[in-house]
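Could you build the full structure based on these sequences and the hints that come with them?
Each chain, written out:
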Amino acid sequence: MTSSTADPHTFEYLLPSLGADMDYGSIIEWRVSVGDTVSRGDIIAVVDTEKSDIDIEIWHDGVIEEFLVPTGEEIDVGTPLARLRRLEGDTSPTPPIPASAATTPASERPRASPLARRLAAERGVDLSTVTGSGPSGAIVEADIHTSTPIPDATPPTHQPQDATAKMRALIAERMTRSNSEIPHYYLSRVVDLTALENWLTAQNAERSITERLLPAALYIRAVGLAAARHRELNGYWNDGRFEPGPAVNVAMAISLRKGGLVTPHVADADKQSPDEIMSTLTELVNAARSGGLRSSWMTGATITITNLGETGADLVHGVISPPQVALVGFGRPALRPWVVNDELVARTIATVTLAADHRATDGAVGSRFLATLASLLEDPEKL
Amino acid sequence: MSATDAGNMPAMTYREAMREALREALAADDRVFIMGEDVADYGGPYAVTKGLHEEFGRDRVRNTPLSEAGFVGAGIGAALGGLRPIVEIMTVNFSLLALDQLVNTAATLHHMSGGQFNVPLVVRITTGAGRQLAAQHSHSLEGWFAHVPGLKVIAPATPEDARWMLPTALADPNPVIIFEHSVLYNESGPVGPATGPIDITKAAIRRAGTELTIVASAGMVPKALAAAEQVAKAGVSAEVIDLRSLRPLDVSTLTQSVQRTNRALVLDEGWRTGGLNAEVAATLAESCFWSLDAPIVRLAGSEVPIPYAKHLEDAAIPQVDDIVAAAINLVRPEQ
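Chains as they are written, first to last, in this note's numbering: chain Y, 1 to 383; chain E, 1 to 335.
Read the hints as simulated data drawn from the structure, not as lab findings. Cβ atoms here follow ideal geometry from the backbone N, Cα and C, with glycine treated the same way. A portion of the hints provided could be inaccurate.
Residues on chain E that point at chain Y, a partial pick, calculated with CB under 10 Å [stated by the list, open to error]:
| # | residue |
| --- | --- |
| 1 | T283 |
| 2 | S287 |
| 3 | C288 |
| 4 | F289 |
| 5 | W290 |
| 6 | D293 |
| 7 | A294 |
| 8 | P295 |
| 9 | N329 |
If you want it as structure tokens, here you go:
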């Protein structure tokens, strides 16, 4: 996120929104120094959001001239963090703000009905955090009912002991919004994972422990391919209509040992090989559990997977992560009696579920998606 | 009134109900008489007074020359002299000839005489479009009269109100104008027995609802109810208020309703600009601002003289489909 300055040779780097629920954050540490030359994609700072510590990337090449905010100070999204000097010969316009980071400027008064304003004031709801469902995105009464008051309006400080509670409050806010705003429909399909399991065993037999593939990588790959074929489920519900995702970015819910979860994504999951996905997934899981998730992993997911794993429950009816329109759940694979070629045999069976936004799609679309997904999972050579 | 009660009541047309009210008034009080154009032998242009002159004689059901200024003025004089005249004006378009008598005399004498003179006059005026009578017989100018202090202006929209608002109007010591929408005369509905004097200054909730309030009067009331029935099938709960009294407006009933439903759709068969609907909408904006979840919407007559051709006449005034569309758009803007 960048902004032009009066001096055409410099530009400002603004605090990006690292998710729809982020309104403020603070710099924990700078990863660059004044005078450093940075390139697009370089990590320049670690930001404390309520969810986790995230490495933020620069979107435009330049030389750091000055830091504009001290570390540790609570700042709103959109606040200039640093001024950078353009590189010699750089006459390109300041790049547009990435869509995922675009937010309403703090000074702009949100459109809201008088009733919505009164209710928001009575309940301590900050209108700038509410998504309007009325005409032209105006906030109306119903939007206030489905929003949650800011759990802690006092300026938060970087206190690790509060982080879990804050993450809980954020998850509560997002999931409440999801379940009250999104008319979910749920479909499930029982999938025979024997072939996939055998294929993985054969693959992994030739690999060292660190190179081994986990089923999750294949799930991400399969969901990526299925989402690419059923684009209606890959994207966002915004302002009363569906916007297809620009790519297939499959997020994976990763639970944290201290409690809570994060959902970083694997970009272009439909185009990457299982090995590439596995290596990204390892990075994501390590980063999620140790801190240090990159901002580009945290924004832009177009569909999400929740995987209950080998010891989990058999079936999950997931809650969609707004503004996405679909969530795929993988239940516990287990040996079950199964009929194959008229014979009863033991097979590895799992129930795959789809929770989808009925505003964006109907059950027929979801059903076709699950059929595609099942055919991919049952024939791992296609992955 | 419960549905069972309504079911046990005799059904009557609006015309019959009004005629019954007039007959009762003539029978009950010798001071009461009716005058207007063709009200005697012809039975009135809309047959409301049919048969009354045979029953009560030509002194009490009197034909007048075609001079609204003259016979309304005579009515004011008779009222000042102690009688209780009921003056019929064939259509609101013609009432303009009597505006001077009504606005400068009937409405002002009580005030200008320091309370010494009252004008206990009742004027019945037909209003509204829908019968292909073209621009000189079809307008809705009730709002003009509702503008004037010193007048009470009422608009019965049901046979029940046609039957029972007249006695209260006649008992009023000051002028009351009754607007009768021409398409209502053939409407039929239950009419209950007398229950004592009724309040003619209160609005009535004709249908309870939770998501928007449709404010209607006169000929718009049946359309509003039909629209409310239709939008209910689309899952929209509309409350319908029949204003009944155009002056004074029952602000309290309107306000309480909109504070519950948070949305208002104000109907008016008359022209939008400067119309009564503007008064209602502005009043609601003042009294309900912090309860409004959407802008107040008005649906009014097109700004044209009412056309003769049926399809053009229909297009010139709000119809049920227009009300349905406006109501749904107000409550579910996404659909």
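Next on the checklist: If you test the structure against every hint from before, which numbers come out violated?
Outcome noted: The structure breaks hints 1 and 2; every other hint is satisfied.
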